[in-house]
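Visitor: The residues making up each chain are set out below.
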Amino acid sequence: MNFEFSDNQKLLKDQANKFLADKCPLTEVRKILESDEPYHKELWNEVVNMGWTAAVIPEEYDGLGLGYLELCMIAEEVGSSLAPIPFSSSVYLATEALLLSGTIEQKEHYLPKLAAGELIGTLADAEGYGSISPEGFAVTFKDGKLNGEKMPVIDGDIADFAVVAANGDKGTSLYLVDLSDASISKEVLSTLDPTRSQARLTFSDTPAQLLGKDGAGAADLEKVFDNAAVLFAFEQIGAAEAALDAAKDYAMNRYAFGRSIASFQALKHKMADMFVALELARSNCYYGAWALSTGDAELPIAAATARVSATKAMYQCAKENIQIHGGMGFTWEFDCHFFYRRSKLLADNLGSQALWEEKLISRVVASTAA
Amino acid sequence: MNFEFSDNQKLLKDQANKFLADKCPLTEVRKILESDEPYHKELWNEVVNMGWTAAVIPEEYDGLGLGYLELCMIAEEVGSSLAPIPFSSSVYLATEALLLSGTIEQKEHYLPKLAAGELIGTLADAEGYGSISPEGFAVTFKDGKLNGEKMPVIDGDIADFAVVAANGDKGTSLYLVDLSDASISKEVLSTLDPTRSQARLTFSDTPAQLLGKDGAGAADLEKVFDNAAVLFAFEQIGAAEAALDAAKDYAMNRYAFGRSIASFQALKHKMADMFVALELARSNCYYGAWALSTGDAELPIAAATARVSATKAMYQCAKENIQIHGGMGFTWEFDCHFFYRRSKLLADNLGSQALWEEKLISRVVASTAA
Amino acid sequence: MDFNDTPEEAAFRAEVRTFLDSVATRKSDPQDSWDKNVKSETEAVEIAKKWQRTLHDNGWACLHWPKEYGGRAASQIERVIWDQEESQYLVPKGFFMIGLGMAGPTIMTYGNDEQKKKYLPSLASSEKIWCQLFSEPVAGSDLAGIRTKSEKDGDDWIINGQKIWTSGAHYSDWGILVTRSDPTVAKHKGLTYFVVDMKSPGVEVRPIKQITGGSGFNEVFFTDVRIPDNQRLGAVGDGWNVALTTLMNERVAVGERKGGDVLELIELAKNVNINGKPAIEDGAVRNKLAKWYCEFSGLKFTRFRSISAMSRGEVPGAENSIGKLVGAAKSQDMAEFAMMLMDRAGMINDKEIAPFAGMFQQTFMQSPSGRIAGGTDEVLRNVVAERVLGLPQEPRADKGMPYNEIPTGTMK
Amino acid sequence: MDFNDTPEEAAFRAEVRTFLDSVATRKSDPQDSWDKNVKSETEAVEIAKKWQRTLHDNGWACLHWPKEYGGRAASQIERVIWDQEESQYLVPKGFFMIGLGMAGPTIMTYGNDEQKKKYLPSLASSEKIWCQLFSEPVAGSDLAGIRTKSEKDGDDWIINGQKIWTSGAHYSDWGILVTRSDPTVAKHKGLTYFVVDMKSPGVEVRPIKQITGGSGFNEVFFTDVRIPDNQRLGAVGDGWNVALTTLMNERVAVGERKGGDVLELIELAKNVNINGKPAIEDGAVRNKLAKWYCEFSGLKFTRFRSISAMSRGEVPGAENSIGKLVGAAKSQDMAEFAMMLMDRAGMINDKEIAPFAGMFQQTFMQSPSGRIAGGTDEVLRNVVAERVLGLPQEPRADKGMPYNEIPTGTMK
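Chains as they are written, first to last, in the numbering used here: chain A, 109 to 478; chain B, 109 to 478; chain C, 40 to 451; chain D, 40 to 451.
Quick caveat, the hints were computed from the structure, so don't treat them as lab data. Owing to the predicted nature of the structure, the values given are computational and were not obtained by experimental measurement. All residues carry an ideal CB built from backbone N, CA and C; glycine is no exception. There may be inaccurate statements among the hints.
[Unchecked claim] Computed cross-link-like contacts, DSS-like style, restricted to lysine-lysine with a CA-CA straight-line distance of at most 25 Å:
id	chain 1	residue 1	chain 2	residue 2
1	A	278	C	316
2	B	294	D	390
3	A	139	C	316
4	B	215	B	126
[Unchecked claim] A few chain D residues that don't get close to chain B, going by computed Cβ distances all over 10 Å:
id	residue
5	50
6	55
7	223
8	239
9	353
10	389
11	408
Let the hints inform the model, and build the full structure from the sequences given.
Guide: Have a look at this one:
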């Protein structure tokens, strides 16, 4: 059995780690948090130059043709660095939707530009508060035009195009929309994590083209989300581990009552619990990575398992990192809040934990009936 | 504000405590656990002599005419001692059902005998696995006869009569059944807590008489259960506190690494958490006691709140008491398992935690709509 | 068992209400706030001082103080009743809490006649606002581990060091300050306690920005600040005992937490969908709501029990730690859950868009401080374990060790 | 990343399977058990000895032992493969684990030539069963705190004291025993390690009844038991190091826990009603199932990662504590939950009546021991914190203190 990433994959991860440690220390995340910039443009350009946006795009579309295991390694490091870039939107969502459902023409148009970083893509599904119900989107498509409002759209103010889920003639379908079209009004939203931008997009007779089979939007969306769930989960465990490391470092070097606070059982056991949550999530992520990379039939269960446990682990590590930092943990000056903000962004962005728990258990129950 | 029991009520509690410490130390619980006796007959007789079975029965029916606050004090002590007697069945369930729904004739027949301990009563509702659905009991009543099976019936092998929930001509109704009738077959069930007996009762054309309005069984049952929930909850916090005390005593006097194990944060914080759970449950129980004693309209919410939090607190205290005792905690010789067994008995006997959580939240949501 | 006042309490409540009606405006809506139209902190401080003078002129400024110092010798339950009633009116709160609640009683206990004469009248008349200078970056849960240095220089003391988490430092007139006067003895033995003029040269106040973006606290830096020896409270080296007196007078909060409790969460759950139906119909949501309702109710009736105990003349004990211990974690968990119910829109904190004007988002960012400030979750569990359950303290690694030999870390 | 054997592993697995097929019966059903028809423990021990001799005669008895002692020098991964394959056959397990797994390697390390000659061949040939005599009523998590006394008397040692939690003491031939030979020095320094003949006069074995009603463990009382000095392993006073060697050889369990995991709970939830519908349709139930499924899956793939690490020749580390830490609490919680779903019938443990033949009820009573035996939850969290995360140990109150001056409690 070799249930582990290969040496080459680990090497790629190490390189990503060093690159991001150099280009995206937390001071860079702070810059974006404290500015009006929606994302870190220089970092994004560097990331493009590293080829990460091209990773799983086939060579025929000017990609690197790497596998998903490699992309998982990159995702873990992107997560760990809290990089303020639209990586998940463009790579895990838009690129995946095109790979899955694009016609050859669509792929030829979009994929080389996505690979080269000339286009940033995103996916617009949510329509306000509560979980989306794929049966009925309020945004409609008729005669080549989209009408209605999507809110929030992650990176909706940054992205050049979006994959939009809407209600067409044959029900839910996906559409490709050029976001530079003048018919679209965009409102940047104030959110708890300004290092990842979110917007309200309003379409008024906005031209759009079908992506994938007409009426197959719900099924296609589910597939895209399953793939993305594994990649999001790697970002989450990367960030969770970084938060645990930060807590550990602080606790080791902070003294009270004449000893390192890391020697008190209350904190030791809290960190042990953080590690346990992280380690279980990591193992589930590896399972997800395996299923994603092999296209195994277990992917829907594996993806949901990875997603649910990584979401929990990251939130636990982020919130307890603040607690372990004590008073310093809730100062703006310390970095603890970056992880806390991002933990909720990643948790809610791809559909909430409740949604994924429901997906998980539906799928498991269905599999036990077979 | 005087949100506290009165000095007289506390005196009654103290007396009950002393009485049970004398008559029902845990060695007596052990006797019943290790024997085939379904309950502690001598103790039961003493309890009857103390007048506890007569507590809330009005004086006109030879009771003491005390209030529910007094009965709550007794219940807490009965719970604390883990007394192996059919107190809850006869006093909280059967007596309550008669007080609530009995005709004058029925009250005149049963209540003096219940008060004097000449009769032990119980209530039979469950019909096998899973929660009961009051819409449809499988046991039927027709032409004065009951047919079908009740399983499990707490103290069903001991009790002289039972209040049986069954499906009559007008739907769910309650019936009084003399359990000495030859038509009834009784099977004692093997359970995890042999200090409180449970049985399967099979009725074959068993004579029964209606208790309360025909067809009002579901509503009557709900009222009996709400009253009983408060009293059960007091038993539960009594037992929870006894388990916490046992844990504390053991931990204080057990040493490892040259210090009392009660000085290790892991155990200190565990016991602090047990205390917190107990204290919140206690406050909710007081609220329940107030609502029960005044017949306030908030009783349904107060009863469910008390019941849910007391169930959780007792289980937490019972299971962590074992943990704090370490290896000794899972020996038969130590008493920890008595609390653990009883915690589940009390939790499941009146309908499970899930059931009461659902009752609670339905009632709260209904109250917010008003 | 009842929820009513005793006759004495009812009489006191009526007296309070009559007085408040005569000098203040009753809220028409519980959400109303006295500072709704207040433009600046300076203005707020002025309003507060004016209100406090009104209280003073009518004998309500320091109601728990002994009569000899101008107080009403109010009982615990009378303070609770005052708070309950006062919260119904549009009046400023909190500015004089440190002075009247903590500094005053400490001066009464440890001050000499001259000090009592100097500080107590201006406290009672509320000309001066006080702040508390105890915590330091290196000493939070371990308060006796403070480092700020005091050195005798003629009749003065020279103070150098840094304090943190000081509310209102920038508008305070006086501060109560604990310093280390002798680092060569055990840590509890080398402390000395002072009253410091906050306008002294060398005192620098910097606001601390919190993760919410707001700043309710300050850092206070002392650089060669001079304090005359006659502003010392208690003996040199006895500062720990003086500080304990201050802390014992820290107000027992029996108030209800505001904002984002379970009833608001129920409202939210009725109005958002989850897995294709209203969240309130989902069993998992109901299960969580039941849990939080039990905690909400348990905390409420625990408060009622505390108030009853005070009504009987008992002093509330460490059981009161439960309120914050349970309440703070519950706030955080509920806020997180509320945002989860909002799903992808959960992160939006625009007051115009977010449900309840972004209250849950605000709580999500604010609540981590609830688990830390005023005693961390971990410290509170120790308090419950030791003071309520009587479990032994941990052995202290620094017991009896001279302060300057106690190991320290590199992290502040 | 794949789930397949390497070519070497596949070859080894084939070899194991070929051998097992030649000497044992493959299970037709995974629930099949070798001792289904075994009438007594005596009979079981006989069958086990016979099977172990078959293994020995074919060179499979002590596969991880070095070749010089008759082993196959098997790697960790080969041991895992052996276990996986062996579990498919109707053969006895466990009786020789202490001897081959712990006593043998300790003797190899600390035994002199004479001792090796005396004990190792009969271990390898499996004539003798061994047991472990370490824990005491006063010393569980704090193993070095044992009290059982050894006193030199001529060429012998006289042993007095009590051991506890000894599996198989009553049918064992030999025991490995840690004693206190010098109570006047620090607790780790005054220990001496022996091999003891379990049939010696003065050894009394009493089964411990557990809360399940069963008894898998014993207490062992020593009253003036004589052990010749040539049965001492390691130097006088060096017993702690010898014991550590034994413990380091404690088998890393990578096996799956049996009975009552989340898939069984799903089956149960399909078959009982809660609040008027099948439990499996209730959101709260689904929420719990999702949580436990994630843990179940996480533990499974953590095991796979461990096995992979062994396959690469790495020695599994303290991460393996996670399996028991998470698994034990999960078992208890799931059993409690399962019983809750059964509602009023949850307490019935009659195998004829209860779902899954009372498995959940059995687990409910058994699982508390899972959180204690082999390291309590609290000890395992310390292990993870210290050995995995590298956090500091707590200061030890008894550090350097002579054993007989260390404070003790009144509880055993």
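Visitor: So, for every hint listed, does it hold in this structure?
Guide: Here is how each hint holds up against the structure:
no., hint, in the structure
1, 278(A) / 316(C), "23 Å, holds"
2, 294(B) / 390(D), "18 Å, holds"
3, 139(A) / 316(C), "41 Å, violated"
4, 215(B) / 126(B), "32 Å, violated"
5, 50, "44 Å, holds"
6, 55, "36 Å, holds"
7, 223, "16 Å, holds"
8, 239, "25 Å, holds"
9, 353, "30 Å, holds"
10, 389, "4 Å, violated"
11, 408, "5 Å, violated"
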